[in-house]
Amino acid sequence: MPIDRMTPADFGDVAKLIEAHNTNPLTQCLHSGEHADEIEALFHKHGALHYWLLRENGGLAGVLGCEVEKERGYLHGPFIAGAPFAQSAQALWHALQAKLPSLERWDSFLNVRNEQGAAFYLEHGFRRGQGAQIYGMPAAALQPLDGMPAKRFTPDWTESVRFLHELAFADSPLEIEPFMDSQDENRALFIFVQGSRCIGYVAASLNDSPREGSIDLLAVDASVRNQGYGRRLLLTAAHWLIQERGMPRVGLTVRDMRADARQLYQRSGFALLYTGVGYSREQTLSRRQL
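For the sequence shown, our numbering begins at 1029 and goes up steadily by one.
Do not take every clue at face value.
Stated by the list, open to error - The list that follows gives simulated cross-link-like pairs (lysine-lysine, DSS-like), each with its CA atoms no further than 27 Å apart: (1) K1073 - K1127; (2) K1127 - K1098; (3) K1127 - K1044; (4) K1044 - K1073; (5) K1098 - K1073.
To be verified - Label-pair restraints from in silico Cβ distances: (6) V1252 - T1182: 28 to 34 Å; (7) L1301 - V1252: 26 to 32 Å; (8) Q1271 - L1054: 35 to 41 Å; (9) A1048 - H1072: 16 to 22 Å; (10) R1180 - A1037: 40 to 46 Å; (11) H1072 - R1225: 43 to 49 Å; (12) A1299 - D1032: 36 to 42 Å; (13) P1206 - A1114: 35 to 41 Å.
None of these hints come from the bench; they were simulated from the model. Keep in mind the model is a prediction, meaning the values are calculated, not measured. Don't be surprised by glycine CBs; every beta carbon is placed ideally from N, CA and C.
Take these sequences, add in the hints, and give me the full structure.
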């Protein structure tokens, strides 16, 4: 079966195939798009996407894609339709690897019920990571903001925000700096301050596929927890995303280690949509040099 790289002529068919798979928890790859029109629009816009296609009898039989960011590849798929899964997925994986040999790490995020995809990644040297819950809130469920909203970040609070971020996410690769850029219209950072220190912040961004707002980071200083700051931070960001930027919904991902925060999200209007599991593989130096 021939394998080739996706071209603009393939965008529509690939988007429909991904949508069909992502409506089924047994084949769903999270964060790879849900609606065909949004996925196709992302293909036209995004230059860092690498998709390989498997064809059979003139039709599309399989897809595996990758979004590249800082020598790290975020995998979309494999999505296989009407062809032997293991054989087809392996052929697509080898084609993708051959074209992106310099990546230092590969990541995938699957619905916890996607056992076929999980088995494929484990067989190819990936490690199973943390579970995570995907929450969502449609615009119609947006709650009123009781009390003063958080204020927009300004550069004079940079060091204080960084200090809180390092306390809250000491073992995480998540970075706060991209949200401090006032020139980036697709990201925002809101903060609460007390005296000379930041006591809470929320980072939010706009996404193309699916078209929704995202709560990317949330932190509240331990000294002021259970005083309503977390909910006001969440709702400040949600109001910005929905009312000011016109997003139809807002989503967020909660790792298992953040399980204590789930009740806060539910009280703020978010509902559990999916449970997912991450898989990752570090690329050895010798392999990257091949």
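Cross-check of the supplied hints:
Among the hinted pairs, K1073 with K1127 is consistent with the structure: their alpha-carbon atoms are about 21 Å apart, no more than 27 Å. The suggested pairing of K1127 with K1098 holds, with an alpha-carbon distance near 16 Å, which does not exceed 27 Å. Taking the CA atoms of K1127 and K1044, the gap is about 25 Å. The hint holds against a cut of 27 Å. Simply put, K1044 and K1073 have alpha-carbon atoms about 17 Å apart, close enough for the 27 Å limit, and the pair holds.
For the hint pairing K1098 with K1073, the CA-to-CA distance comes to about 19 Å; that is within 27 Å, so the pair holds. The given range of 28 to 34 Å is broken by V1252 and T1182, whose C-beta atoms sit roughly 20 Å from each other. Judged by the Cβ atoms, the range 26 to 32 Å given for L1301 and V1252 holds: they are separated by roughly 30 Å. With their beta carbons about 37 Å apart, Q1271 and L1054 fall inside the hinted range of 35 to 41 Å.
In this structure the supplied range 16 to 22 Å holds for A1048 paired with H1072, their Cβ-Cβ distance being about 20 Å. Taking the beta carbon of each, R1180 and A1037 are about 43 Å apart, inside 40 to 46 Å as hinted. Hint check: H1072 to R1225, Cβ distance near 44 Å, so the stated range 43 to 49 Å holds. Evaluation of the 36 to 42 Å hint for A1299 and D1032 yields a pass: the beta carbon distance comes to about 41 Å.
Distance hint for P1206 and A1114: a CB-CB separation of about 38 Å, consistent with the stated range 35 to 41 Å.
When the structure is compared with the earlier hints, a violation turns up for hint 6 alone.
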